[in-house]
Structures are given as structure tokens and as C-alpha cells.
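Peer 1: Listed below, chain by chain, are the residues.
2 protein chains.
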Amino acid sequence: MKIENPNPIQWQFSERAQQLQSSFIREILKITQRPEIISFAGGLPSPATFPVERMKAAYDKVLSEAGKVALQYGPTDGYGPLREWIANSLSTEGSRILPEQILMTSGSQQALDLLGKVLVDEGSRVLVETPSYLGALQAFSVYRPEFKSVDTDEHGLVPSSIAAVAEGARMLYSLPNFQNPTGRSLSLERRQELVETCARFGIPLIEDDPYGALSYKGEPMPKMVAMNPDGVIYMGSFSKVLTPGIRLGYVCAPLPLVRRLELAKQAADLHTAQLTQMVVHEVVKDGFLDQHIPTIRKLYGDQCQCMLDAMTEHFPASVTWTKPEGGMFIWVTLPKSIDAMKLLDQSLAARVAFVPGAPFYANEAASNTLRLSFVTVPPERIREGIAVLGKLIKDML
Amino acid sequence: MKIENPNPIQWQFSERAQQLQSSFIREILKITQRPEIISFAGGLPSPATFPVERMKAAYDKVLSEAGKVALQYGPTDGYGPLREWIANSLSTEGSRILPEQILMTSGSQQALDLLGKVLVDEGSRVLVETPSYLGALQAFSVYRPEFKSVDTDEHGLVPSSIAAVAEGARMLYSLPNFQNPTGRSLSLERRQELVETCARFGIPLIEDDPYGALSYKGEPMPKMVAMNPDGVIYMGSFSKVLTPGIRLGYVCAPLPLVRRLELAKQAADLHTAQLTQMVVHEVVKDGFLDQHIPTIRKLYGDQCQCMLDAMTEHFPASVTWTKPEGGMFIWVTLPKSIDAMKLLDQSLAARVAFVPGAPFYANEAASNTLRLSFVTVPPERIREGIAVLGKLIKDML
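These protein sequence lines are chains A and B, in that order.
1 is the number of the first residue of the first sequence in full-length UniProt numbering; add one for each residue after it.
1 is the number of the first residue of the second sequence in full-length UniProt numbering; add one for each residue after it.
Where hints are given, some of them may not hold.
If chains are identical, the list can't say which one is meant, so a pair holds when it fits in one copy or spans any two.
Here are the simulated EDC-like pairs of lysine to aspartate or glutamate, each with C-alpha atoms no more than 20 Å apart in a straight line [unchecked claim]: (1) Lys61 <-> Glu219; (2) Lys336 <-> Glu65; (3) Lys2 <-> Asp395; (4) Lys342 <-> Glu15; (5) Lys336 <-> Glu154; (6) Lys298 <-> Glu380; (7) Lys323 <-> Glu219; (8) Lys298 <-> Glu193; (9) Lys68 <-> Glu196; (10) Lys2 <-> Glu154; (11) Lys336 <-> Asp153; (12) Lys56 <-> Asp345; (13) Lys342 <-> Glu93; (14) Lys61 <-> Glu146; (15) Lys394 <-> Asp339; (16) Lys2 <-> Glu93; (17) Lys298 <-> Glu364; (18) Lys391 <-> Asp121; (19) Lys61 <-> Asp153; (20) Lys323 <-> Glu93; (21) Lys68 <-> Asp121; (22) Lys285 <-> Asp121; (23) Lys394 <-> Glu4.
What the hints contain is simulated information worked out from the structure, not anything from laboratory work.
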């Protein structure tokens, strides 16, 4: 049956494919999944928070009552009742979001890919925070933009620094709440200034908000999309408040853009599983998240505090770190003399893992930074791991 | 909270986004979902074939036994046991497929998008059949190739016509079994000639095979990937043998390519839902498809025959059509004087829908062609609808 002596294919990949790189985080995760390793490297939510029984009951109900619809092809824009629920949850008194503005996506990551596809030509200027979310840099990179890093300080993105890089920018990508990787949040004043600055320069502002609900004090900040619905693109996800493995996110965009995103999604994967959307709607429609999210906040808040306390105890005075009020990450700045990549070599040998900060920078990287996640590690292991890191850092000084 | 008088955004879309068009089929589907319309337009499998109870039991089992794993982030390449099952199902005596060659995708459509992303630069030559699958043309179009149509005759793609367009081709996209839209299948000799020709010119050959299992006589043809595993990229899907709404497909490719596709998928949507993959593995692992697929073949085969009989009775002699031996579609060629788009206007007024053939051509279109699907329409409605079409065609002559 086989043909004889075929010529081997000389693979010719597209220019964009030649620069594709695996996420450094996903590579680290592979070596840190062994149980003996204390891993602060993950970006995974804690499985202790997954409402498995509730999900199971919802799958059973949807398949029993509407199995043939749930398992058939569905509309590209998504399941109507869920889009309506999302639009309502994003609407405020002064700013009404329409269900037509919501496009359901296969996780937030797909929204990033679609935004790159629809807004970025080769060489287009894309503005990102310093540092920014690695998955976004990866998604946009495929479309070969020119990244310009916008300055940040201890309070996050500095809006006054946008003017210098605004010209021709196709978008500004921001994570205003408990940012990945720094854990920082923008103040209300900064948000307003950011929205105003982008509007003044006509730059579409992307508000990526996977962690916004995870405010330990339970007081989420106002959304930027409410401040300028015609200029802000909001991205949401069920990964951090429900479960990530179902791959369900959404983007809320002004109508001219959402229509293009929908066409791009049609070409990319037709639609996101109808069953998943119907199940999530079944789970959230009666206010379940209002009871469920506080349990996640409590768990993450306690573990964050545990890590912060351990850092105060074990890290030398020359190390600084953020004090997040929500989300999943703490950002550490080491003395300039220490390269986090070298620290990682040593800490892996001592069975503690984290993610070095360099891959989170679109341009010039600060090699003395690193990201710690505390959400999947129990308190005694947090203390143990931080003590190990503290000792290694002191030894390197 | 809202900022005052923001400048409206002057949306600047990427060049690729400016040419995005909605699938003509999906547009037609919107107007043909009213129950009074007899629709031969759909490409949807019959929901009568969906094994809802079996799926429900599998969701229950997977969530009960491994809920926290199924709902967590998973690996980009997919769920190991399912990839192994697929690799085994594709392996033949002479040609072993490795699990590492399988990348799980969010439906076959995503495999098309990833192949375009990884293999096509602007202006790259892409070879397609005449006519070809509309969803593939859409997916590849995003990456702005130069499409070259390869000749076909009543037996499908003509391999000897490849030489004239082979130079620099990045891939040849083919649907060898019960092709969408024509219902044609390639003979064994044609398959071998096609594989040899592509190998001779060093052109990666894509074998898209969503319908291969749906042979009415129950004898699937040999796969081209078995004839040259290093040069053929095989695409499979659970949409037509299980259910489409779960969005689960896969691509089997030589290792250098599958690794790139995996990186592209990581940037596009991280991974396909682990839960879906575990459920499908649970459903298929013990041979369920061997009992289930024959029931789909029987249903579709009977309805296909019903439509063919009705066409013989009602269509004038100047109309010709394919006689599929599997799959979901019949392709009709009208006399040159009749534009299928005009026929559609009249048939919609008479409450019968189909898809005109023109959108399936990458280059010069034959406007006197159309595609009929019989799988979701009961026999008496098939006869009624074909009688209406026959009368309209006679009136137009």
C-alpha cells in the first residue's frame, strides 16, 4: 500500500511559524509537576475551588432536557441566554452593554488570538504594560507586531507615558486587576486617566480581567469598559471563578469590532461548544457565583497572606515584592546582582519552583524579577518553600 | 463614572480582517431554520444519530471519577489516552502512527486554521480541489494565499493536473471521501497517484476526512496517510460519527509539523477542553463506534437513495448529479443557462432551500451548480422538496 521511496518533504513554514516559541511557563510546569517539588510556578487555579458536583448536576440536566440541541452545531457568537447574562453582569447604571456585543470564545486565550488577527498587521504598533501577561505576548506575536512597552511604577501602568508611544498604536493591552504577573491593580484615578488618554489618542483599550472578581476584600474596582463603552474592549473568563478546563471566555467589544471578531472566530473554529455554554449558564444563572466566589477569595487571600508573612520573615531587606489585594500572584524584585534564572537553577535543585520574570517583558527585561503563585500550595509548604528561597537568595548575595 | 465626550475610535482593522466574509452557508442557514422550510442547505449531521444517553453517562462517570483533573487546565497536545486511541485507529500493518503525531483540536475547523497559520505566508500557493470545502477556503483565506484550483472530473481530483501548478505550493488540500460539497470519492488508483504526485513535487498533502466512516456499504477506503506517513497530514473529527457540538477534532502530522501546530495552538487557545476529550475517550474506548456508525450509515444511505430516486423522477434530463456512496451531500449540475443563485430565490419563495455551488470554488466558479444535503430531512419531505425543485428548474428552462 505504501508508495516507494517518497521524497522527504522539505518543510517550509510560514514566517510567523518560524518564530513560534513554547511558553516558558508551560515548559517549567512540565518539570514541576512532580509531587516532591514545591511549585510556586503555576498559573493554575486551585482545584479545591472547582464546584464539581454542581457542574455534574448541570451536565446531567442540560443533556437530559436539551441534549440534541446542546450536542448540535451552534451559532458562532455563542449561546444567547449566556451572552445576555454576561451583558447584564457588565452593564452599569450609566452604561448599558448589549448581548450583541458579547462573543463567546474558547477561553480568554482565543480572544487574544482573535484580537491579534483582526487588529494587527505585520509591524503594527501594540502597546503593552511592563511587564505584561506572557500568554498575550505569545498570542499577539503570531501577527508580528512592534511591541512598545508602556511604563509602570509601583501602582501599575503610568498613563502619562502613553503619549510618547501612541502614534499609530492599534491597541493598548492592559490587565487592571491583580495583574498577571505582578499582582498590581490600578487605582480608580489611574483607570480614568488611562481610559481618557486612550480615547484622546483614539487607541482601542483592551481590559483583560480574569482576576477582577478575586478581590480578597470583596470590593471589585469599577470596570474601564463602563467608563467608555465605545473605546474599551473587555475580556472575561470563567476559568478563575468556575473552572479553567472547560475553556470558556468571552470578549465584549463595540459592534464594528465584535462583528469582525465573530467572522474571524467562524474561520478559526466555527463556534465554542454549545453544551459547555448551556452548562455554565445553568450553573451561574441563579446567582451561584455570589456564594462561590467568596470561598475562592478566602482561600487565596489566606494563602497570599501566609506567603507575604513568610517573605517578611525569610527574605533579606534588599528584596522587594508587591502586596496584592486579590488574584493569584506576587511579583518579586531581587537585588540587581541576582539573575532570577540562576536562582531558579539552584531552587529547582532544592525542589522549589517559580517563574523568572524575564519572559513577561515585551522589550527590555528585568532579569532580577520573578513571579510567585500561592494558590495551589498549602500554608506549611508555602512557608517551607519561601524559607528555601530566602536562604538561596542570602547565599547569592 | 463615564468619561466625557470621548473621541470615537476610527477602527483600523488588519488587512486580513478587511477581507473576512461570513460563510454564505451560515447566512443561508439563518433563514432556513424556520420549520415550514424544507432545507437541503444544511451541513449539520442528523440529531437523530446523537448518542445522548451514552454521552450523559460518560460525563457523569468522568466527573465522578476524575472531576478535578477533567476541569483543570490540560496539555496543549491533548488527552494522552485519546491520542493513543486515535493513533491506533489510524495505524495499519505497514504504517505505524505514533500518539506524538496527534494534536487534538477544537473541531476540524481549528486544524484548518492552524495549518494555514503555520504553512501559509501572504501569496503562498495553496492547491485546492475544484470545487472544495468552503470552510477550508475561509480558514486559509485569512492568511492570504494564492489559491490554485486543481482540475477534477466525475471521479474527483485529477492528479495529472497537479504538475502545472505544483511550483512552490505549500500544500494540497483534499477531501478524498464523500467530498463536501460534491459527495465524490477518489478511487484507490487515484489516491495512490495523488500521494505519489505530491511526494514527487514535495508538496504536503492534506487528507481531510470527516466523512470517511460514513460509507453506506460499510467499506471505508484506505487512507492516504498510510501510503506516505511522512508526507500526508490527516485530519479527523468526531463531529459526524458522534456529535458536532462538542467541537472535537484532530490532526495527525509528521513530527516536525505537528510540533509547530502545537505551538500555534498554544497561542490560539492553550488547549481543547480536557473534560470533552476524557468523555469522548470514555465513549469510544470499548468499540462503541463499531456498533454506532452502521446506524448512521443506514439512515443516511436510505435518505440519499430516496433523494436520488426523487431526482430521477422529477429533474429534467439536462440536469446531472453525483451518486454518492457515503457522506452527506449530492452535487447537482444544472444546464449552463440556469444560475443556481436565481433558482435559490425562487425555491426559497416556494419554501425549499439549498446551497448554490459558486462559493465552493476558490477561483472561477460554475454558477450552474448546487449542493443538496439529505441527512436531516425525512423521506416524505425529501420527495416533496425535490418535486418543487424539479418543477422550478423545468419552468426556468
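Peer 1: Compare the structure with each hint and give your call.
Peer 2: So, going through the hints one by one against the coordinates:
Taking the closest pair of Cα atoms, Lys61 and Glu219 never come within 20 Å of each other, the shortest separation being 33 Å inside a single copy and 38 Å across copies. When the C-alpha separation of Lys336 and Glu65 is checked against a cutoff of 20 Å, the pair qualifies neither within a copy, at 61 Å, nor between copies, at 48 Å. In this assembly of identical chains, the alpha carbons of Lys2 and Asp395 never lie at most 20 Å apart, being 61 Å within a copy and 52 Å across copies at closest. For the identical chains of this complex, Lys342 and Glu15 are neighbours neither inside a copy (32 Å) nor across copies (43 Å), given an alpha-carbon limit of 20 Å.
In this assembly of identical chains, the alpha carbons of Lys336 and Glu154 lie at most 20 Å apart only when taken from the same copy (17 Å versus 71 Å across copies). Taking the shortest alpha-carbon separations for Lys298 and Glu380, only the intra-copy value of 17 Å comes in at or below 20 Å, while the best inter-copy value is 61 Å. With identical chains, the CA atoms of Lys323 and Glu219 are at most 20 Å apart within one copy only, with a shortest distance of 16 Å there and 65 Å across copies. In this assembly of identical chains, Lys298 and Glu193 lie within 20 Å of each other by CA distance neither inside one copy nor across copies; the values are 31 Å within and 65 Å between.
In this homomeric assembly, Lys68 and Glu196 never come within 20 Å of each other (Cα to Cα): the closest approach is 48 Å inside a single copy and 43 Å across copies. For a Cα distance limit of 20 Å, the shortest separation of Lys2 from Glu154 qualifies neither inside one copy, at 63 Å, nor across copies, at 26 Å. Taking CA atoms no more than 20 Å apart as the test, Lys336 paired with Asp153 passes inside one copy only; the shortest distance there is 17 Å, against 70 Å between copies. Proximity of Lys56 and Asp345 under a CA criterion of 20 Å is satisfied in neither setting, with 42 Å inside one chain copy and 47 Å between copies.
Taking the shortest Cα distances, Lys342 and Glu93 never come within 20 Å of each other, neither inside one copy (51 Å) nor across copies (49 Å). With identical chains, the CA atoms of Lys61 and Glu146 are never at most 20 Å apart, being 48 Å at best within one copy and 48 Å at best between copies. Within a single copy, Lys394 and Asp339 get their C-alpha atoms as close as 13 Å, which meets the 20 Å cut-off; across copies the closest is 80 Å, which misses it. With identical chains, the CA atoms of Lys2 and Glu93 are at most 20 Å apart between copies only, with a shortest distance of 10 Å across copies and 68 Å within one.
Taking the shortest Cα distances, Lys298 and Glu364 never come within 20 Å of each other, neither inside one copy (36 Å) nor across copies (63 Å). With identical chains, the CA atoms of Lys391 and Asp121 are never at most 20 Å apart, being 47 Å at best within one copy and 51 Å at best between copies. Proximity of Lys61 to Asp153 under the C-alpha cut-off of 20 Å is found in neither arrangement, the shortest distances being 49 Å within a copy and 50 Å between copies. Neither within a single protomer nor between protomers do Lys323 and Glu93 lie at most 20 Å apart by alpha-carbon distance, with minima of 32 Å and 60 Å respectively.
In this homomeric assembly, Lys68 and Asp121 never come within 20 Å of each other (Cα to Cα): the closest approach is 41 Å inside a single copy and 40 Å across copies. Within a single copy, Lys285 and Asp121 get their C-alpha atoms no closer than 39 Å, and across copies no closer than 44 Å, so neither meets the 20 Å cut-off. Within a single copy, Lys394 and Glu4 get their C-alpha atoms no closer than 64 Å, and across copies no closer than 52 Å, so neither meets the 20 Å cut-off.
Figure legend: structure checked against the earlier numbered hints; hints not met, in rising order: 1, 2, 3, 4, 8, 9, 10, 12, 13, 14, 17, 18, 19, 20, 21, 22, 23.
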